[in-house]
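Chemist: The residues making up each chain are set out below.
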Amino acid sequence: MLTSTMSVGSRPPHTKSTAARIADGGEVVVITHEDVDRAHDRVRVSTARARRGFSSRAKLLWLLVGPGVLVMLGENDGPSMLSYAATGAKFGIGFFLPFVALTFCMAIVVQEMTVRLGAATHRGHAELIFERFGPFWGWFSMIDLGIGNFLTLITEFIAIRAGLGFFGVPPWMAILIALVILYGALVSHRYWTWERITLAAALFNLVFIPVALMTHPSWHSVGHSFITWQPLPGFNKDTLLIVLADIGATVTPWMLFFQQSATVDKGMTTKDIRFGRIDTVLGAALATAAAVATILATAPLFAHQMTADTFQAAEFAQALQPLIGRFGASLFALGMVEAGIVASITISTSSAYAFGEVTHKPHSLNLPMGQGKAFYSVLTLCAVAAAAIVLIPGLPLVYVVLVVNVVAVLAMPPALVFLFMLVNDQEIMGDLVSPRWANGLATAVVFILTAAGVLFGISIIAPNIFAALGGK
Amino acid sequence: MTPKEQSPVLISSADQKLALSSLEHDQLVHAKKHFIPRRHLKGPELFVLWALRIYLLFMMAVVGYQVWIAAH
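In order, the protein sequence lines correspond to chains A and B.
1 is the number of the first residue of the first sequence in this note's numbering; add one for each residue after it.
1001 is the number of the first residue of the second sequence in this note's numbering; add one for each residue after it.
One or more of the hints may lead you astray.
Said to hold, decoys possible - These stretches of chain B come out as covered by chain A in the derived footprint (C-beta under 8 Å, 3 or more residues):
1) 1031-1039
2) 1042-1052
3) 1057-1065
Note that these hints are calculated values from the structure, not bench results.
Here the structure is a predicted model, which is why all the values come from computation and not from measurement.
In this text, a Cβ means the ideal position worked out from N, Cα and C, and glycines have one as well.
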């Protein structure tokens, strides 16, 4: 783990926050408001940990859940839910139900590493890449993240616009509502409050479960598909696009950066890693339930032979209305809005964290607005710029979201290799380096993602190969 | 820092002690001014990083081509 003896250089103090200089064992230490806020959060954790009994364990879990649930439900975002909706409408249930569950297992493997990295080093992902591998590789990584985040943010606002459009809300007002909610989560200038507000909003992602129940799915068919992975879809370009989009709906670079930075901002330490893992698995379980429910909800469109190729969020809800009624369709549309809003909060926060980490500007949700101007400005500017683009009429939503998810999958292997190298770096991780089995799983994830990307590339460049193999 | 920002009155001594006792040293904002030493990348690591960088650039071109085809 990081120790002060590892330090070989120093930069000017990156805080302008109101600070107190006090001596601690001969060393002058600057204490900032950010430290004090984090310390108050840690005291509650320590108090809960010191007590015994079920209620204390439950309280400790309540205090420590957050980054994992947020990252997983945040990744069930507008484009992801539309990918799942397109999956159900295009292929029905079968192969894709267990496949989506598998992708969340991959996400657990990857995200658990960020918990360990954040708890062991107390540094964000971007900061570690820059300092450990240098600015050359650091900037590559930042460019990948910046482009990916911005494209994804655009699609979040498209989903919000389309979802609220179902209720007749004009696009400009839908975007304004989303920005007000995003800003509203920030006004407390406390990580803890921001996290709880965003968690409450994220749990609304589960609204897809009652929508799925309204379609009266055949549980026998659902069980059969989970056990047999049947029926298999045809092996062709469209299937590959959906496969990649569904993977991109579950594992993306911003998740690595966000969860590690949030773990650090929350103040988690190595003692909290077990709960960080529970948090991650819990988030993945909730997100899997919502994703599977979305596929089940739109599967009747496949059964009724309806084409959903040009559907936007509102059209999915409208198409479902004859099957599940106005209330169910409204829930579906609201779910899309929620998915877009929560993800726009988490993704813009991930961009702001990364910006602060590489520029050494203060970067924490515990910062008062005056002391975190750069952090909050980046967060707001990313969201506003993406929102403005969405007001351009005529964007082909489903196509755009599928492409954005594909881009996320393609950018993932390089991001994972940095993560893999960092989490196996004994100098910064100490005893918390990944065990062999975890490295094996992580390597498998990199190979699966790379292979999926290569297959997709072949399907575009040389589609005849798929025809020769029996596809279209 | 401005004189106002340097003022120790704005953070009470109780809060200062709380921060020092509750947070690990590396968690303090102050501790993050220290650099983590650069790691020397070995040949195989550089090979993988460059290979994936080229893969990503190539695949981005493929996605661009697909978007171009779809747009036309």
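Chemist: Look at each hint and say if it fits the structure.
Modeler: These are the hints, each one checked on the structure:
1. 1031-1039: Holds: 9 residues of the stretch 1031-1039 of chain B have a Cβ under 8 Å from chain A.
2. 1042-1052: holds (count 4)
3. 1057-1065: holds (count 6)
Violated hints: none; the structure is consistent with every hint.
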